[in-house]
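Chemist: Residue numbers (the working numbering), protein chains in the order written: chain A, 1 to 607; chain B, 1 to 256.
There could be a bad hint or two in this list.
What the hints assert, rightly or not - A few chain B residues facing chain A, derived, Cβ under 10 Å:
| # | residue |
| --- | --- |
| 1 | ARG102 |
| 2 | ASN103 |
| 3 | LEU147 |
| 4 | PHE153 |
In case anyone wonders, no lab produced these hints; they're calculated from the structure.
Bear in mind the structure is a predicted one, so any value in this text is a computation, not a measurement.
Glycine included, C-beta positions come from ideal geometry on N, C-alpha and C.
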Amino acid sequence: MMMAGLILLAGTIATAQSIKITAQVDRPQVTVGDTLIYSAVVEYGNRQMRVRPDAPDFGGLQSLGRSDADQVYQVNGDVRILSSSQWQLRAVREGTFTISPSTVTVNGQAYESNPVEVLVTRQASVNLPGELKGEPILFARTKYDEINKKIEGRLFLRMTASNQNPYVGESVVISYQLFNNGVNIQPPFNEQVNQIQGAITEEIFHATQINPKPQTIDGQTYQVAPLYQIAVIANKPGELTFDGYSLTATLPRSRRSNDPFDSFFNDPFFGPGGIQVEMPTVPVRLNVRPLPTAGRPLGFTGTVGDFSLNAEVDRKLATTDDYITLKLTLVGRGAIALANSPQLRDMQDFDKVGEDNKVEKQVFTDGIGGRKIFEYVLRPRHIGKLKVPPVSYAIFNPHTGKYEVMETQPLTVDVTAGASGPMAIDEQPSDGSTNQAGGIRNLRYLQSVDRLHTRRSELLLNQALFWILLLGSLGLMAFACWRDRRLSRLDPARVRRDGAWRRFEKQRQGLNCRSASGQSPEERAARLEAATRDYIADRFNLSADGLTRRQIEDLLNTVAVPRERIDRLCNLIDLCSSLRYAPAGAAGGDIKAWSDEIATILKEELQ
Amino acid sequence: MMLKSGFFRLMIPVLLAVLLVIPVAHTQPPEGDISLQDLIQKAKQAFDNRDYDASIDAYQKLAMQAPHDARVLYNLGTAHAWAGHRGLAIWRLLQARQLDPRNPDTRANLKLIAPDLTQSPLDWLYNHFTANEWAIVAGGLWVLFFLLTALYFVLNGGRSWRSRLRPLLWALAVLMLVTWPFALVHYYVREFTWRAVVVADNTVAYTGPSENQIENFKLKPGTILRIEDTQTPGWVKFSYAGGRKGFVQRDRIRNL
Chain A
1 MMMAGLILLA GTIATAQSIK ITAQVDRPQV TVGDTLIYSA VVEYGNRQMR VRPDAPDFGG
61 LQSLGRSDAD QVYQVNGDVR ILSSSQWQLR AVREGTFTIS PSTVTVNGQA YESNPVEVLV
121 TRQASVNLPG ELKGEPILFA RTKYDEINKK IEGRLFLRMT ASNQNPYVGE SVVISYQLFN
181 NGVNIQPPFN EQVNQIQGAI TEEIFHATQI NPKPQTIDGQ TYQVAPLYQI AVIANKPGEL
241 TFDGYSLTAT LPRSRRSNDP FDSFFNDPFF GPGGIQVEMP TVPVRLNVRP LPTAGRPLGF
301 TGTVGDFSLN AEVDRKLATT DDYITLKLTL VGRGAIALAN SPQLRDMQDF DKVGEDNKVE
361 KQVFTDGIGG RKIFEYVLRP RHIGKLKVPP VSYAIFNPHT GKYEVMETQP LTVDVTAGAS
421 GPMAIDEQPS DGSTNQAGGI RNLRYLQSVD RLHTRRSELL LNQALFWILL LGSLGLMAFA
481 CWRDRRLSRL DPARVRRDGA WRRFEKQRQG LNCRSASGQS PEERAARLEA ATRDYIADRF
541 NLSADGLTRR QIEDLLNTVA VPRERIDRLC NLIDLCSSLR YAPAGAAGGD IKAWSDEIAT
601 ILKEELQ
Chain B
1 MMLKSGFFRL MIPVLLAVLL VIPVAHTQPP EGDISLQDLI QKAKQAFDNR DYDASIDAYQ
61 KLAMQAPHDA RVLYNLGTAH AWAGHRGLAI WRLLQARQLD PRNPDTRANL KLIAPDLTQS
121 PLDWLYNHFT ANEWAIVAGG LWVLFFLLTA LYFVLNGGRS WRSRLRPLLW ALAVLMLVTW
181 PFALVHYYVR EFTWRAVVVA DNTVAYTGPS ENQIENFKLK PGTILRIEDT QTPGWVKFSY
241 AGGRKGFVQR DRIRNL
């Protein structure tokens, strides 16, 4: 058993040691728009394994697809397997890009390839008009370099974005146009429109056929055809990147010449077959800004755009039998379809019985907009000049970069009594009192019922758990009480000690109260002395009778009371005692001061 | 191994039947859920179209499904009010108030259609909370009181804490004395008494369970009665807050 384990371990180690992974590109230097192939090859010897390298970070090169292949060969009797994965990449901008190492994990151990550097140089844009040279335009590509050179700058797709730094919720229009300066392209046209993640999109225009119009740029005339236009509304902040639109077409071959390079400049005599030409675009990069938190109003609806709000009712005169439609119209530029409904508040004169909305979209060169109409069906609650209060609507205007709170004007509707509706209830109660509420027409409207509550709530007083909780707390109290009593029985000194201060304070308060009834100072002094002696006796669990000064001093010494305080306390006790026996010279105010001083000493030193 | 063909001949059709039925059964949506939502919608639409009888009919069906849903009872009461059925409206609104005593719509409508239903301050306090709410308050005070009392006995070292606890314990004891009666009365009324409300106009209380008996006094719609006896078919014996007793026909009242 141990031998088998050792052999397995050795095999695993041997296998692990023979894994190699390498990476390379077929073209380490390309121009913008070119494609290249990145390959990662894993070589290993264990036929039982299936190993594939992970996709690395391509460092800004656009990945167009992946393919995998395996190859098995033998060297001196050893079986080796080559597992290769290839990615087709496109260079979308100039610079030096480092493709990070590919990794493969075998038995928990990771293996890395070498990184690969790719240099992307600027496209030679000799034929491109000066006005367009600064734009990220990728030229059309075929598989023939000679053809590519000839069509360079003459055939391409141009992408424009109305705003590269929109706010969350702000619409950005991305447009794609085909620019053609004399290149004969033919169907079939195949387009690729990629899905955009992390944003709401609305297709504005999608060409069903190519209808070019001449446009002169820097002296060069191009046939320009709009192909595709989309409004993008990012719903979270950060960088939003998505692959753009691309188109493929065919360059025809000429029957009159066998030269494949001579076939497409306005030559009508094209033959069968053709050369596929690809017209890619760079990925779209939007830097989506979050909505500012400063200045955000409480009732912010989440609507972003440049809008205005208007309110109107369909009638100014009505009866209680009629319904009134309140129409709120939001007009302007922005993601109008996403605008949230305004909230109707303080509608004391009406009940809202229905709600609806409709959108009329409009497309502008720099965005989308239109009109959204919110309709509320209202029923008057009573007669009179009823008010529709102003409606507030808070939006964020990306053009000003600020929040705006719009408020409509209040509206009035004159409502008179209707013909239908029975007088269901006597408006005068039978006992003659006045009905202040105003009758049936002041009844409140129905409550909304979404889900029914079918269960009856059981009485808590019928629940065992409820009583367990009550009795449990009672039991706990009883236990604590019993414990306290038991401790008191076992340690009666503790009971005396614990109640000593309360008794002392009670007697002191009694002294102060009794002074009003005219008790003599001797009596008060006697009580003060007795209270002090009683406190000390209780504190040390002794009898107060016969407690001498010496004993008091010794007792206070045992609890480390400072000498001067012991002397002062004993002197005060003696003063009280001497007043009792020699009353001349003492005043009531002195006794209060003595009492306070005694209480201070005892509290600070013994309590 | 030879299979017992007879057994499998019997089992296979049974299994097939089960396998066929289960998917079919599962593809049917739960009927109850759909019809309830339709009924809710139908009731509201009928009310908005001022077809109060249809609205009442739909809300009554909903009330049978959910007799303890305060909103359904409120809507039913409001529909009755618009239809002119004052007594039935009061009955349903009182039921809604029992379940959700602080709902402002229920209180407003009840005040409107039954302004005679005045309440003393004590009644107002009693009716302002449900039985369980009173039980929670009383029970909570009870637990707090006894736990703090236990703490009082445990704090034998720190006597100053005891003196601070004492007023709090007194306050809790007083609050308990106030809240427990409400909780217990709610319990007693719900478990041991039977209350009803007069819904018909011109209801007369008799001295005995027969129309041949003497007419004792009149009862207004909305009067709450305590039912004491139901032995005579079609009649109930009642008493009510004024201390008066009598007999009234069963169909003139509804249970609360």
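Chemist: Does each hint hold? Answer for all of them.
Modeler: Hint-by-hint comparison with the structure:
no. : hint   : in the structure
1   : ARG102 : 14 Å, violated
2   : ASN103 : 8 Å, holds
3   : LEU147 : 5 Å, holds
4   : PHE153 : 4 Å, holds
When held up to the earlier numbered hints, the structure conflicts with hint 1 and nothing else.
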